[in-house]
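Asker: For the sequence shown, our numbering gives the first residue as 213, with consecutive numbering after it.
These aren't lab readings, by the way, just hints derived from the structure by calculation.
These numbers were taken from a predicted model, which means no experiment stands behind them.
One should not assume that every hint holds.
Capping the alpha-carbon separation at 30 Å, the derived lysine-lysine pairs in DSSO-like fashion look like this [claimed, not checked]:
{"hint": "1", "residue 1": "K458", "residue 2": "K439"}
{"hint": "2", "residue 1": "K306", "residue 2": "K439"}
{"hint": "3", "residue 1": "K433", "residue 2": "K491"}
{"hint": "4", "residue 1": "K306", "residue 2": "K491"}
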Amino acid sequence: MIFSINKGEYTIWLPIYTLNDNTYDSVFYRGLLIIELFLSIVTFLVIATTAYIIITTRAFHTNMNSLFAYFVLSWISSAIGRSMLTPYLIGSWKAGNISNDYRSWWTDDVEEMTPINSIREAWPLFVGGFFTWYYMFVMTTCLFAMSIERVFACYFIGNYENTSRLYLLFFLFLFHQFIILTVLYLVFFNRINFVTTVTFFLILNVVAMFLFYGNRQYNLKIIRKFKREPLESGKHHTLPVRFQAKENVRVFNLTVRVFVVGFVLILSALSLVIVITFKCVPSFNTFLTYCFENIVHLNPLIMCPVLIFSVSTWSKALLHSRLPMIDKITKITFIDRHSVLPNQTQQQETETYFSQLHSVWEKRPSS
């Protein structure tokens, strides 16, 4: 919805379609709000569990693990935004002197914009919109950030897993935030339109998939060469190179699963926006808007299980854990931590590999 501030002094675009929607006065829609509240609590528990497993269980390089944790925890911004927006959407809180029911997604027609004297009259509405935009942009740029991290993994393929390289994570995080905040500024203050915004993020994700695909082909080439000519390949590529190549392919396989699920969710959300904007079924606009908002807000209920169960190390950590109490979910303890198992878990094998690899590097004679 486009807000005209102080009689057109400037405009602000918020990711909402309705304002003061009296449809929510009905029992049915009040029930939907209660369901959303319940699912939001469940989502919080899922987010906390997923973040705990990612942070405490090493499945990838520290940089990649940190990115996954950040993407998962960024849902907090959605929770803040949703809690601030909802009272205005259903009419419990009023934005200034506005009492009419406004419905719009984006417009360049001044007459169709929602007038308000100052953002101070409804600052929670605009703060909530800011946080919601932020979360949406984090989710639509996460694949691009991960693809850049894998480019680093390829460039430093000789010893990437053996070195933390936190400066790369710091640089990548700043670059990612620069993209998000730049677009957020342009969108929030209505400097670019809806089509331009969608086109930009579409291009960004296409670039990300090309980077992932190129990364995969390069690493598969190394793996195949090791299989065909192990002795000859050993002269040019060390053991860490082979391990990193397999790691890069494993990340690509995970990304494909996440991308497919994410693409379906984004396509569903865009389809709803198109149907709502062009008023294809105006009598269902409130319900369709509710569906769109919750595809954005509650997507971790789908994305987090896909993420965890796509990585065997994380899924084993989840399946071998227990939740003593919901309010102590961040204190997940592993069952039979000290029991002797006939075979090492994948996590133990990974840690053993890193220890052995570190020893090899220390004993490696200087040239």
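Asker: Check whether the Cα positions of K458 and K439 lie no farther apart than 30 Å.
Answerer: holds (12 Å)
Asker: With the threshold set at 30 Å, check whether the alpha-carbon distance from K306 to K491 stays at or below it.
Answerer: holds (25 Å)
Asker: Taken at face value, is the distance from the CA of K439 to the CA of K306 at most 30 Å?
Answerer: violated (67 Å)
Asker: K433 and K491 were given as a pair; does the straight-line alpha-carbon distance stay at or below 30 Å?
Answerer: Answer violated: K433 to K491 is near 51 Å, above 30 Å.
Against the hints set out earlier in the document, violations occur for numbers 2, 3.
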